[in-house]
Amino acid sequence: MNLTLWIPAIIFGFSISGIFFLVSLGLSIGFGLMRVVNLEQMLYYTVSAYMTYTMVRLTGMFWLGLLSGVVIAGIIGFAVETQLLRRVYGKPMLFTMVVTFSFFLIGIGAVQYIWGLAPKPVSSPIKTMIGIFGMEIPLYRLLIIATAGAVYVLIQLILQKTILGKAIRAGIESPENLEALGININRIFTITFIIASGCAGLGGALNAPLVMVGPYMGFDMLLYAFITVILGGLGSIKGTLISALIIGQVISVGGTLWSPLAFVAPFVVMFFVILIKPTGLYGVKGVV
Amino acid sequence: MDARCVVKTVGVTKVFGDFVAVNSVDFEVNDREAVGIIGPNGAGKTTFLNLLSGLYMPEEGSVFFKGRDVTRVPPQKRIEMGMMRTFQLVHVFDNISVYDNLALSYYRKLEGRAFPPGSVFTRLFRKDIEKIVGDVLELFELDKRSTQIVSNLPLGSKKRMELAMAHIADPEVILLDEPFAGLGDIEIDEILGILTHYIHKKTIIIVEHKITKLTQIVDKLAVMCDGAIIACGGCEETLNDPEVRKSYWKVSEDEQVCL
Amino acid sequence: MWKKTLDRLGPLLVVLLVTVLRYLFPNKISFFTEIAIYTIYVMGNNILYGYLGLVSFGQPFYLGIGGYATALFLAYVGHNPLVALLLGIGSGLVFGIVLGPSFIRLKSSYFALINAALCAIGVFIFERLLIDITRGNDGLWFRSNMSKLPLLDVRLPQSFFLFVVIVLFLVLMIYRHLDRSTLGTMFRGLQSNEEKLKFIGYDTFKIKWVGFTIASCFSTFAGSLYAINFGFVNPSLGENSRAVEVIVATLLGGSGTVYGPFFGAFAFLGIKDIVSRWITRWELVVGILTILVLFRFSKGIWGTIQQYLLGIQKRVSGSNDIRSPKGSRSAGAGS
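Residue numbers (my numbering), protein chains in the order written: chain A, 1 to 288; chain B, 1 to 259; chain C, 1 to 335.
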């Protein structure tokens with residue numbers, strides 16, 4: 001065992017998992033709660049990354065960029081939920097998927113108009129390396145892992161401890177529950193959606209220094225988000241986390257073993273899980 | 001097992017989460033008998049029918065059809081064996097014509113297989129199919145609507161059509177889930193009129209709320225309450241059964257039940 | 001009347017329209033060739049979307065498979081374009097049969113997503129994994145390897161256009177037959193109410209499997225034709241980002257109809273041709289177009305034409321009905 005190779009690989013894997021978890025959350029929870037596969041989540045991811053880039057260019061402050069990215073993602077999410085998605089709730093799944101995917105395309109087009117086609121680099125805000133078992137690991141990667149972990153804990157706290165969380169859980173179990181409880185569904189949906197798009201935005205901002213910020217970054221990420229939610233099961237937050245952890249390691253460790261595995265292995269893993277369990281690891285049952 | 005017995009369940013139980021929808025039900029229907037299942041909302045009537053037709057698999061117990069254990073047999077196979085059902089909320093093909101709906105049902109009967117590979121090369125507009133479908137459409141007073149798209153039909157016609165789809169497949173056993181739900185008196189009488197054709201020709205199991213209408217055609221009545229069959233027998237005796245009076249009608253011994 | 005005549009002559013009319021237009025606009029030959037090919041591609045998607053009620057964000061994958069099956073054969077193995085085309089169809093058959101069982105038992109949301117993922121992996125395979133034989137992004141060129149066919153030399157644009165038009169005619173005939181066959185009715189039934197189809201005794205799994213396989217054959221066949229048309233293939237044929245284009249073309253023409261794909265392909269490629277002169281950012285237009293069609297024009301072009309023709313027919317037959325008001329009233333009373 002060559003530790004100098006494997007430990008960084010595993011930590012890189014976890015950081016990838018963190019990003020995947022953040023960006024896939026909206027796809028998964030949107031399905032669980034609103035029965036909508038909202039493919040335009042990756043738009044928030046893209047826009048947030050661009051906001052980060054712009055703020056870094058203007059002010060040089062990465063964290064301000066990250067904050068503005070999350071905020072703008074939340075705002076767009078709010079607008080999309082109230083103006084567009086509300087018109088498609090309850091429509092057939094294929095209809096809503098095409099609508100959200102088209103909106104994603106429109107967003108990409110808009111991004112191209114605003115920022116152009118050329119990919120933009122964002123420099124890493126923390127260049128410190130810290131030593132773990134004698135290996136040099138970028139602190140920024142650890143920070144991503146910590147952030148994603150914190151988001152998961154926070155979401156679990158909201159779900160378990162607050163009234164909003166209870167309503168969301170009841171809604172995921174069965175949408176009729178909410179109506180029976182006399183809760184304003186629209187408000188629950190909107191708040192949930194803002195949180196989810198904020199998370200996607202956070203993922204985009206955090207990922208900006210690790211990849212080139214380009215108009216099609218959302219497309220690339222959409223693929224991984226697909227794999228993550230299919231493997232974990234649409235509608236389950238826990239499933240999303242676990243599958244993000246698996247996929248992250250598969251990419252990083254697999255890629256270390258043999259580089260094409262980084263791309264092919266997640267797909268293979270997903271494919272096998274789907275063969276055995278068509279609703280993914282923790283998928284919501286009984287819905288389309 | 002009694003040779004005349006067509007449908008039989010032994011201790012079937014269906015659980016949804018913590019809720020026991022059907023609780024260890026033993027039930028028997030003889031050949032060419034018409035049986036009604038009544039009971040309050042949430043008594044498990046529809047769930048029981050779903051267990052019979054194979055939409056659900058029971059957690060415990062077995063379902064027998066014509067003496068064969070069909071507990072794990074999927075719906076398509078049960079239909080091939082001669083069992084047909086209708087749904088409480090009409091289940092028909094909304095986007096095709098009335099004719100196509102019936103012809104699809106008949107085609108399966110004709111070919112007798114779950115997926116006829118020849119279906120790519122055949123058409124539903126064929127002399128023999130047209131003849132049979134035409135006859136059935138007339139019987140169900142749907143002949144004027146033959147070419148209409150189903151989604152434009154009123155509920156009464158849709159219900160009749162769903163029944164016609166079951167009829168045309170010529171099953172031995174027909175399961176009807178609330179055939180009168182949502183219909184007016186005239187429409188109910190139309191369906192009753194059709195159902196009387198079947199009496200003592202086919203085995204019928206009807207789940208219904210409207211007891212008055214039901215007692216006109218069934219030989220036997222079963223009462224379900226909280227997932228269990230609490231009484232089963234002739235109409236009169238079942239309705240006057242003390243247990244039924246207590247838990248279903250919520251009346252005491254000496255009060256009269258008004259039908 | 002109208003409808004019957006149109007129905008009988010439909011494939012011929014479509015083919016005539018394309019041919020006449022091609023000679024009216026002689027410098028647009030490649031555009032009309034592409035319309036014919038794209039129609040076949042849209043037909044494949046229409047079987048999924050319009051008949052089976054499944055949306056796939058991975059249709060370009062099947063296009064790519066067909067294209068590469070043809071290209072690899074012509075580049076390395078043989079010279080006969082017809083054999084290469086048959087191989088293209090065959091590749092769709094194989095992929096449909098192999099992938100079908102695991103894909104179609106997925107729920108519609110998973111089905112859409114897994115196809116998109118498949119599409120991405122396809123591009124990766126063409127572009128990098130098999131770079132030694134596909135030449136990656138440089139593209140695989142094979143035009144010089146193609147032999148001349150006895151009657152038509154498909155290497156020349158003019159005769160390839162005629163070839164494609166003949167192929168389109170045959171495919172339309174097959175498609176129309178499929179639409180009217182018992183299987184076509186089963187597809188519609190499946191889309192409308194899968195559970196009911198099960199409960200009148202059909203094995204919906206097998207019906208879907210067959211539908212999926214037929215759909216992938218259409219798509220791979222279109223991919224093969226594309227390959228021969230260009231004389232080369234590169235991974236962009238199977239590109240993920242274009243997955244929604246075929247869906248918008250399907251919707252635009254009228255999903256679930258026989259001639260919808262043709263009108264969809266025509267309208268979509270026409271819009272693309274015009275718009276791309278002014279705008280290079282194509283995604284924006286496709287997105288807006290899709291949303292507009294979905295919300296405002298859900299019947300599509302052919303659906304709207306059909307409705308219009310039906311209206312005329314009703315008005316004509318309505319005046320006939322005056323003679324027998326009793327009949328129509330009793331039909332109404334039956335409800």
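Wrong hints could be hidden among the right ones.
[What the hints assert, rightly or not] Keeping only pairs whose Cα atoms sit at most 30 angstroms apart, straight-line, the calculated DSBU-like set for lysine-lysine is: (1) 144/B with 299/C; (2) 277/A with 77/B; (3) 131/B with 299/C; (4) 299/C with 238/A.
Hints are computed from structural coordinates only; laboratory data are not their basis. Quantities reported herein were computed from a predicted structural model and do not represent experimental measurements.
Hint by hint, here is what the structure shows:
no. : hint             : result
1   : 144/B with 299/C : holds (27 angstroms)
2   : 277/A with 77/B  : holds (24 angstroms)
3   : 131/B with 299/C : violated (33 angstroms)
4   : 299/C with 238/A : violated (41 angstroms)
The earlier numbered hints that this structure contradicts are 3 and 4.
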